[in-house]
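> The lines below spell out each chain.
Number of protein chains: 2
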Amino acid sequence: MKKALFLILSISIITNGLSQKVNKEDSTIIKEIYNTSLIDGASYDWLDYMSNNIGSRLSGSLGAELAVKYTKEQLEELGLDKVWLQSVMVPKWTRGGKEFSYIETSPGMTTQADICALGGSVPTPYGGLKAEVVEVMSFEELAVLGKDEIEGKIVFYNRPMQADLIQTMGAYGGAVSQRYAGAEEAAKYGAVGVIVRSMNLRLDDYPHTGTMSYGDTPEHLLIPACAISTNGANYLSATLKLQPKLLFYYSMNCRAHQDVQSYNVIGEIKGSVYPNKYIVVGGHLDSWDLGDGSQDDGAGCVQSMEVLRILKKIGYQPKYTIRVVLFMNEENGLRGGKKYAAEAKRKGEHHIFALESDAGGFTPRGFSFDANDVNFNQIKSWESLFEPYLANWFTKGGSGADIGPLKKEGMVTVLSGLRPDSQRYFDYHHAANDVFESVNKRELELGAAAMTSLIYLFDKYGVK
Amino acid sequence: MKKALFLILSISIITNGLSQKVNKEDSTIIKEIYNTSLIDGASYDWLDYMSNNIGSRLSGSLGAELAVKYTKEQLEELGLDKVWLQSVMVPKWTRGGKEFSYIETSPGMTTQADICALGGSVPTPYGGLKAEVVEVMSFEELAVLGKDEIEGKIVFYNRPMQADLIQTMGAYGGAVSQRYAGAEEAAKYGAVGVIVRSMNLRLDDYPHTGTMSYGDTPEHLLIPACAISTNGANYLSATLKLQPKLLFYYSMNCRAHQDVQSYNVIGEIKGSVYPNKYIVVGGHLDSWDLGDGSQDDGAGCVQSMEVLRILKKIGYQPKYTIRVVLFMNEENGLRGGKKYAAEAKRKGEHHIFALESDAGGFTPRGFSFDANDVNFNQIKSWESLFEPYLANWFTKGGSGADIGPLKKEGMVTVLSGLRPDSQRYFDYHHAANDVFESVNKRELELGAAAMTSLIYLFDKYGVK
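The listed protein sequences derive, respectively, from chains H and P.
For the first sequence, our numbering begins at 6 and goes up steadily by one.
For the second sequence, our numbering begins at 6 and goes up steadily by one.
Hints may contain errors.
The list treats identical chains as one, so a pair stands whether inside a single copy or across any two.
[What the hints assert, rightly or not] Dumping the calculated DMTMM-like pairs for lysine to aspartate or glutamate here, alpha-carbon to alpha-carbon at most 25 angstroms:
1. K135 - E154
2. K97 - E146
3. K318 - D169
4. K350 - D169
Calculated directly from the structure, the hints in this document are not laboratory data.
Starting from the given sequences, assemble the full structure and let the hints guide the process.
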């Protein structure tokens, strides 16, 4: 035991010794990267344009098309070695006219509720839908109630995100099945509609949309699904306790269309030593339609563009080919991520590292890594380089949705996701208040700098 | 070398061994503390009342008086062992009617500028003041220009906060002398007034006030000092390059009054083992007058109150007497902090630990400590307990203005300041946008929980 411990300690000393030597020059370059982002950054201005001149960018929308055009032009202005569009067919779903809904406690006694259609939902019947409501906290509770209690009614999923979880992504993970599969599950028991408590840790009036699936539900059994604001959910729940027979009315005009042509936007700096090995950094260009998608994921897009801009600006010549990819259709299809991976597979483009930023433009706390132990040990030896920037929380964990398919195709060695502070993310996520003003310039720039620094280290030291 | 290293490593193993044993029960209590703050917290509601029902709380104002009354009542409701007011005379300075100013490039050609009086400034002469402007970046530059270039003119200090510093407090420290001593320095060369670029890293239209001093300047030589918004400063600077002879006009109605009676608000839980030894936690109850002081320092006040509430809520019986002190007059006098320390000295109340929260209600990153090596080593052994909450950045450094006098009087062993994320702090600091909406509930609550956890550890393990 003692001998093993000593061995471990000795290795740790040697590793520290090495990383100390490495750190000196690396820390200088990383400081230069941070200075460039904070003093002379482009990310915030790009985001301003995307958010305020273009706006929301739901797949298949005019906004998405304009964002493809704009970001391609901006990448071209950076003087990269190559900029191109990668064709991808995407689903198109439109919200239509604004949703309307109310709670009716007795004939003529109505109170408005703040709802929005979930992405992918069918519309309500013409003239809207009115029915009794059954509140449940879980699919288990739904199953216990069964067809007798559910048939002909609207199911109201009201399990809140868990406030005591420090990582809000975990709280999202614990609640989002209600949104994603709530309609499919409720339809099994003959429900006529679904209301889902918004994925939001705050109490406010914003309904939060997001993707949903009907699974294998036959088309004639599809039921309309909406999100209700957290304030609205609390109000509905309290009112149900007073008046269990209340009626909920809603009208939604959303619908799905034929797939349309769209694109991933890609730019690259050719590697000087390994031009046919790749490092990729990206975010997703599409957004939901309620806000302007500044946090989700305008921030990740402009940070990823900024990585290549900074590397050029400081005159760094990468060994590997470094690509930025602005993925299309992360929100409701992941078609862009799948297409990029399929093309990489087809062309035999192996990626040593893929980095995604899709958790908001907040102060970076660090990164999570999908890597084997050997590579993770190397990565951990870089932590101290990020200490002065308080971005040194390096953990093993997931990376990102858009780079996931690269792993599935076996075309990447190490994957990572930027981990910004997560406390405010769900205040804005998929809601009308996900707007430019919610992004702080310095926080955004610190994220871009952390990402550039990490890409620099992977390019310099490679992977095992 | 090797032997010494082995010794250090051995000690480190032993220490780790001990702290591992300790951590198990401590981590359970700390989890309970966090759960209480996040699920069943009072801090956000208190802040809501202070900010939205009371508003700004400049020393000597009605708001300050109402805040004393409100917080005393709230502490009384917690069932503490003792709640009282500590009398303290405070300076009173009022802004008067809104300031007005413009830039005049030629007769009749004027552009409005966003300014506010600095705290403690004399007013402009009746009817306002109009003069040419000399822009400088430092006191050194001022000295080089000398009386010939300065006399009869308004000095415009335009050195920005340094954007490349990661800790924004450091950037503030590098720029704030312009605000604090700018008038005193300019008066030496016969300047008639002073304009200071706001202490703000953003570009926006908010002027940021803050305290200033005339030092030993004779009364007949006092000149009016204002802050200009960062956008205004950039505009004035650019216009000066085109038209160096432009005139700047401003009118301010501020003035100083006689000192008035006010109070520190204090509550305590009596220690079960060491009732005459103290742990204190606090923030300052006064604020500037432009916003409602939610970040500076309503947040610190309600977090400090929350520490005692949580300890009672979870049924923790402290060994030491634990006090919350809401200090009056931090902003323009520090009279409350000085009074509390003087009384502690007079009564021989030794404090083993003093903690201050006065850096905004943002996600906590950790704490800085003013402690000797022995105590700091003990503190460092607690870091891992804060890792799950990402509040484990423990450094040596300053603590806080209000607890500083305790150290000066020799009445405290270890001092600490909460270190929240600092990126957004100067967006709001001393400006009209320091309002309730700028505080995120979870971020505030995480700070209160981190503070409570630290107080718990100091109470349990004491100091050397």
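> Among all the numbered hints in the text so far, which are the ones the structure does not match?
Violated: hints 2 and 4.
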